[in-house]
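Residue numbers (numbering that gives the first Met the number 0), protein chains in the order written: chain A, 0 to 371; chain B, 0 to 171; chain C, 0 to 332; chain D, 0 to 182.
Warning: the hint list may mix true and false statements.
Example chain D residues on the side facing chain A (calculated, C-beta under 8 Å, incomplete) [unchecked claim]:
1. ASN51
2. GLY52
3. ALA60
4. ASP107
5. TYR111
6. GLN115
7. LEU165
8. LEU166
9. LEU167
10. PHE173
Because the hints were derived from the structure by calculation, they are not lab data.
All residues carry an ideal CB built from backbone N, CA and C; glycine is no exception.
Residues per chain are reported as follows:
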Amino acid sequence: MSGPIHIRSDETFTLNVGPQHPATHGVLRVKMEMDGEYIVKAETVLGYIHRMHELMGENRTYPQVLPNLSRLDYLGAMGYTHAHVLAIERAASIEVPERAEYIRVLMVELNRISSHLFWFGAFVMDLGGFTPLMYAIEDREHILDLMEAVTGSRLTYCYFRFGGLYNDVDDDFINATRAVIPRLRKSLKKYDALVTGNIIFRKRLEGIGPISAEMCRKYGATGPVARGAGLDFDVRKNEPYSVYSEFDFDIPVYHECDSLARYNVRMDEMEQSLRIIEQALDKLPEGPIMPKKKPKLIKPPKGDYYQAVETARGSFGIRIVSDGTKNAYRFKLRSPTYSNMSLFDEACEGMMIMDALAMMGSLDLVIPEIDR
Amino acid sequence: MGTQNVPSPLEEIPSSVVQFAAADKLINIGRVNSFWPLTFGIACCAIEMMATGCARFDMSRFGAEVFRPSPRQADLMIVAGTVTKKMMPGIKVLYDQMPEPKWVMALGNCAISGGPFAFEGQYSIVLGADEFLPVDVYIPGCPPRPEALLQGILDLENKVSGWNRWKNPEKA
Amino acid sequence: MDLTIFNAVIAVVIAIAFAAANAAYLVLAERRGAGRIQRRPGPNVNLFGLLQPPADGIKLMTKQLMIPGGADKALFMVAPVLAMAPAIMSFVTIPFSNTIVAHSMNVGVLMIFAFASFGGMAILLAGWGSRNKYGVMAAVRAVSQNISYEVPMLITVITIVMMTGTMNLHEIASLQSGGFWNWNIFPVSMSDGFMLQPLMPISFLIFFICSLAETNRAPFDLGEAESELVAGFHTEYGSMGFGLFFMGEYANIVIGASLITILFLGGWGCPFGLYPGVWWFLLKIYLLIFSFIWIRWTFPRTTIYGLLNLSWKILIPISLFNLLLTAGLLKVF
Amino acid sequence: MIKDTIKQAFLDLLPDPEPIIEEPVVEAAANDTAEDGKKKKAVKKEEPPRVNGVLECDHAAHGYDIDVQLEPGELLAAVMILDKNDFFLESITGVDWIKEKQLESVYDFSRYDFDQCRVVIRTRTPRDNPNIPTISKIYPGANWHERETHDFFGIKFEGHPHLIPLLLPEDADFHPLLKDFKP
């Protein structure tokens with residue numbers, strides 16, 4: 000059900016959504032020109048959490064920058080650090096032991112689930128349902144427990160090293176992960192029954208916030224936003240990195256282009272991530288987690304390197320322009336939500352404010368990642 | 000936790016014939032049992048703040064789970080994340096909009112001192128929330144664990160009212 | 000004569016006390032209930048959380064009173080009172096049991112609806128008076144919502160009035176005494192002779208939905224839609240002004256639950272006709288309030304057009320049809 | 000293969016087509032170990048800046064397939080080719096080559112389908128008067144990326160509809176990623 004026909008009046012007023020607003024999940028500001036409940040024009044104002052990671056990347060050595068990547072997107076931090084280590088390994092030609100690669104995939108997928116779980120709760124909270132957040136965070140805590148036991152932190156992991164990992168996983172972790180998988184499967188079914196089937200929920204999302212495939216292309220939207228528009232784009236499949244080519248998983252694609260499609264994509268993705276985790280646990284090879292030969296000082300040769308990974312929010316890219324020293328000459332972060340958010344201004348024109356905010360929730364924003 | 004022993008303003012009131020000490024104590028204990036924080040997350044620490052409000056850690060046990068989106072109804076501002084120069088005036092306005100009595104918590108290293116982002120060449124951030132806000136409790140961590148936030152709330156309760164929920168096991 | 004005035008004063012005082020205590024502890028019930036639903040304990044440290052409402056009250060009362068610059072001072076001040084007062088006034092005519100009723104009025108139903116319409120007014124004044132864009136938007140929403148839901152609510156009440164032939168709440172409740180088969184919600188009603196009322200459950204459902212909407216409870220809490228309009232009409236209210244809105248909301252919930260109980264669920268009557276009394280009444284209203292809380296923490300919020308569509312396109316036609324059929328059935332039997 | 004199509008299209012576009020450098024200089028360095036890189040660094044410093052032309056790169060070593068450098072004037076035509084071939088815009092950024100007194104603007108393009116081909120377009124402009132035509136008419140998503148690049152490097156995108164600071168404060172008059180920036 001889309002909104003009723005909107006007859007424009009001449010009188011508009013400006014509404015500032017943010018920087019402090021419950022719907023923006025952080026410090027994002029959208030200057031909306033409103034005609035009653037309708038948005039005539041929206042302009043996003045960024046930069047309220049701009050911390051200049053890119054300059055830090057140039058001023059510090061490559062290992063020193065590693066923790067920054069997890070502050071970039073605190074929900075799916077593992078995926079972002081993964082991009083950085085992959086980029087450096089590509090630039091400095093460091094071999095990674097197979098066991099380390101498998102554990103990396105395992106961790107990234109666990110983190111993807113925890114990120115999507117948090118998004119799920121926050122999204123339903125945007126729509127006014129508060130309880131699913133609690134359920135989702137409780138399930139998320141179980142994943143965080145697993146990861147904390149290995150990595151040592153709950154949110155901002157700095158677990159990957161150039162060439163390998165900081166810490167090996169033990170049998171306790173593997174057994175605990177195997178125990179958590181059925182629990183999460185059960186929870187996902189419960190969410191389906193509790194939220195996805197809810198008539199109010201569906202009415203609020205079906206047909207709301209259409210983002211077509213062409214619009215995705217023009218704005219460079221990736222991740223679940225693109226997959227909700229019928230594009231089967233996933234860097235893990237399109238441009239396999241690490242050991243993703245070894246795993247059997249599907250890309251969930253929905254062709255409805257609306258907020259519900261984006262919701263469904265993420266819910267299905269959690270199931271696929273569970274599949275990857277199961278396979279990674281089965282296939283986990285024995286061996287070292289750090290390479291035998293590794294340069295003491297990371298100094299990639301002169302050149303320009305790009306590495307894209309699929310994070311929970313879409314295609315994240317790191318461009319490193321190296322001049323052969325221990326600092327990067329240019330350290331560019333291509334964040335997925337930056338592109339995803341840039342289409343919001345156009346997409347929300349003519350929508351009612353509550354639908355626009357529902358759409359904003361379906362984009363899965365993490366503001367520090369947009370502002371960097 | 001980094002509480003400072005700043006004398007509360009109530010102690011500076013000159014004594015009079017009528018003593019309100021008992022009433023003050025009661026009022027303060029009432030206040031500390033219902034800290035309503037402002038729904039105001041800036042960065043990573045906000046996620047831990049939400050985790051603290053949610054099922055496992057549950058801030059509501061201490062009556063502090065009523066996150067109010069409007070500063071008019073909030074008592075406690077938890078500065079959870081890096082304060083940028085662009086955001087600073089906004090935070091100042093939010094603080095000014097909160098009615099007295101109000102308290103500020105600096106959650107996480109960024110809000111304490113700029114944390115990892117205070118580097119050479121940084122032009123964008125404010126080095127800690129205490130540059131422009133009177134911070135009552137500092138909670139270190141990057142991000143702090145939910146238990147740390149709970150302890151911070153208990154410390155703030157103690158600071159405001161001098162009342163302890165539990166006996167300090169270390170002192171006994 | 001004097002005695003009547005004295006009685007009235009006592010009644011009002013008791014009503015205020017009852018409303019305030021209810022409001023305070025319903026907030027606690029809501030928080031504990033929400034906690035239970037969300038797998039967490041909720042406020043439980045001070046005497047099982049029983050000291051939580053006094054603590055909140057003390058805090059709210061001792062907070063600084065702020066009037067935002069540019070606000071309409073008079074409207075800003077009067078709105079919270081207007082939110083609370085009608086709710087308390089409504090208690091005067093509600094019969095808690097056969098004997099406990101402050102003032103049994105012939106037009107009790109009408110009076111409650113008259114007072115209830117003040118609620119929308121208070122929200123409008125609050126939103127308008129605080130000179131806040133979110134507030135104004137919320138106020139407009141809340142008023143359109145109140146207007147839309149009063150219509151089906153009143154139409155549904157007419158079916159009851161037609162059946163019972165009275166607008167006196169006390170009489171309506173008395174007519175349902177005996178057992179649950181005499182209740183108005185029950186399709187086969189036998190209090191004064193056999194009556195087939197197959198449509199009463201529908202009336203009950205419509206009335207229940209409308210009372211949710213009238214009290215601005217989720218999933219119809221568009222007036223204070225937290226994720227869109229910050230805090231809605233009370234964005235600019237702090238301290239006790241906000242407290243009054245809060246209490247008014249819960250007092251309204253109690254009124255709504257009482258009204259449902261009296262109109263449909265047999266008032267103070269026991270379901271099996273044994274020991275009728277005030278305890279049954281309280282039990283019923285608290286069960287209803289619990290269901291309100293349950294619904295609030297289960298459902299997401301509707302949209303404003305979804306809400307208005309529900310009223311004008313679904314509830315009003317159904318309730319009109321319902322009214323027509325009920326009138327026909329009354330004529331036949 | 001889309002890669003060959005695009006490469007041919009770019010070669011046709013450039014006015015004086017350079018021969019494709021099959022084994023680029025940077026590539027050779029990539030295979031060396033770090034110690035060797037150190038020795039070669041002294042030699043490389045005197046290297047002239049890259050000339051315009053199409054470069055086919057090893058995806059495994061660099062992360063992209065085609066690397067084109069062209070004049071700002073040819074940018075729009077090149078982007079139009081990519082638009083026609085269903086590429087999406089990944090990002091736009093800049094690099095400050097202070098020694099050569101040039102600012103480089105780097106455009107990343109990629110594709111949604113499985114015919115994977117990442118294209119990088121670079122264009123250089125003098126540092127004292129950096130002007131590059133905007134591509135936000137072709138890719139509206141470039142709007143934000145160009146604003147960001149303007150914030151950080153001061154590159155002016157001619158014809159951009161709304162070139163005001165995006166990430167920096169509204170009144171910012173500094174460009175932090177320039178190598179001579181002092182806060």
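Going down the list of hints, with the structure as the test:
1. ASN51: Check failed: Cβ of D:ASN51 comes no nearer than 16 Å to chain A, outside 8 Å.
2. GLY52: violated (15 Å)
3. ALA60: holds (7 Å)
4. ASP107: Hint on D:ASP107: holds, closest Cβ of chain A at ~7 Å, below 8 Å.
5. TYR111: holds (4 Å)
6. GLN115: holds (5 Å)
7. LEU165: With a minimum Cβ separation of about 5 Å from chain A (threshold 8 Å), the hint on D:LEU165 holds.
8. LEU166: Holds, because the Cβ-Cβ distance from D:LEU166 to chain A comes to roughly 4 Å (cut-off 8 Å).
9. LEU167: holds (6 Å)
10. PHE173: violated (12 Å)
Violated hints for the displayed structure, listed by number in ascending order: 1, 2 and 10.
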